[in-house]
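Asks: So the chains spell out like this:
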Amino acid sequence: MEISKTRERNAVFMTVKGRMDAVSSPEFEKEMEELIGQGEKTFIIDLSNLDYISSAGLRSILMTAKKLKTREGKLLLSSLKDVVKEVFEISGFSSIIPIYDSVESAFAEL
Amino acid sequence: MSKIRLPARLENLEKLLQSVASFAEEKGLSSKRIREIELATEEAFVNIFNYAYSEQGTGEVEIDCSMGETFELIIQLIDTGIPFDIATLSDPDDLDAGLSERKIGGLGVFLIRKMVDEVQYRREGDKNILTLTFRK
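Going down the list, the sequences are from chains A and B.
The first sequence: position 62 = 62 (our numbering), numbered continuously.
The second sequence: position 116 = 116 (our numbering), numbered continuously.
Just so you know, the hints here were simulated from the structure itself, not pulled from any lab data.
All values derive from a computational prediction rather than experimental measurement.
Some clues are possibly wrong.
[As the list claims (entries may be wrong)] Partial list, computed: chain B residues near chain A (C-beta under 7 Å):
(1) 10
(2) 99
(3) 111
(4) 114
Note that the Cβ used here is the ideal one computed from N, Cα and C, for glycine as well.
Just chain A, with the same shape it has in the complex (with noise of 0.2 Å):
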């Protein structure tokens, strides 16, 4: 897994590429608690390179986007496509996050 991020018109925009398992998904969520602890508070997430995401990737998100809700941030994500788009829909996930089909609309919501 690979994290990348930039400082987008008041956003923190990454993009995580790769796989999102239970080896991985520490690191992401390691990552975001690091982010939010130094203040940031908006974050947009480009999956359009995330090929694979387990039970341990979806708890990292989820913890991630509870602790923004508790300071008022947000968590948007962008691009989800195959098993990810799927396993993001049958547990129920894309009704509690807010996922966009590309980044543009994603950054059009801020």
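Got chain A sorted already, so can you dock chain B onto it with the hints?
Replies: Only chain B this time, still in chain A's reference frame:
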């Protein structure tokens, strides 16, 4: 048929999933189906070391991949941990809950059930045998 035996530790997850994915790829399954199979396998493997081996620390898991008579892919996970039937874990009951109410755990077994066509458990002597069946 492919067979792999590894200590049930997180560090072996990637090796295990690669072995399963290679087998499925060889048999011509679509890449989406292969990801679904890897997902179910990961969740089953993680549950084995969280539950079956929770008392003794760790042990080995054997994973056998084979094709059935109607070209379904069969994955069997065999461990020698305490009796642990995955079917006794229930699905989350809060799939429709809002963000604050949604509980953190419980999705592993649920995802297995959603990805497979059939899941069967049996206990044979000192072994847990979990069989996951995937149609193309």
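Asks: Now tell me if each hint is right for this structure.
Replies: Hint-by-hint comparison with the structure:
no., hint, verdict
1, 10, "6 Å, holds"
2, 99, "4 Å, holds"
3, 111, "6 Å, holds"
4, 114, "5 Å, holds"
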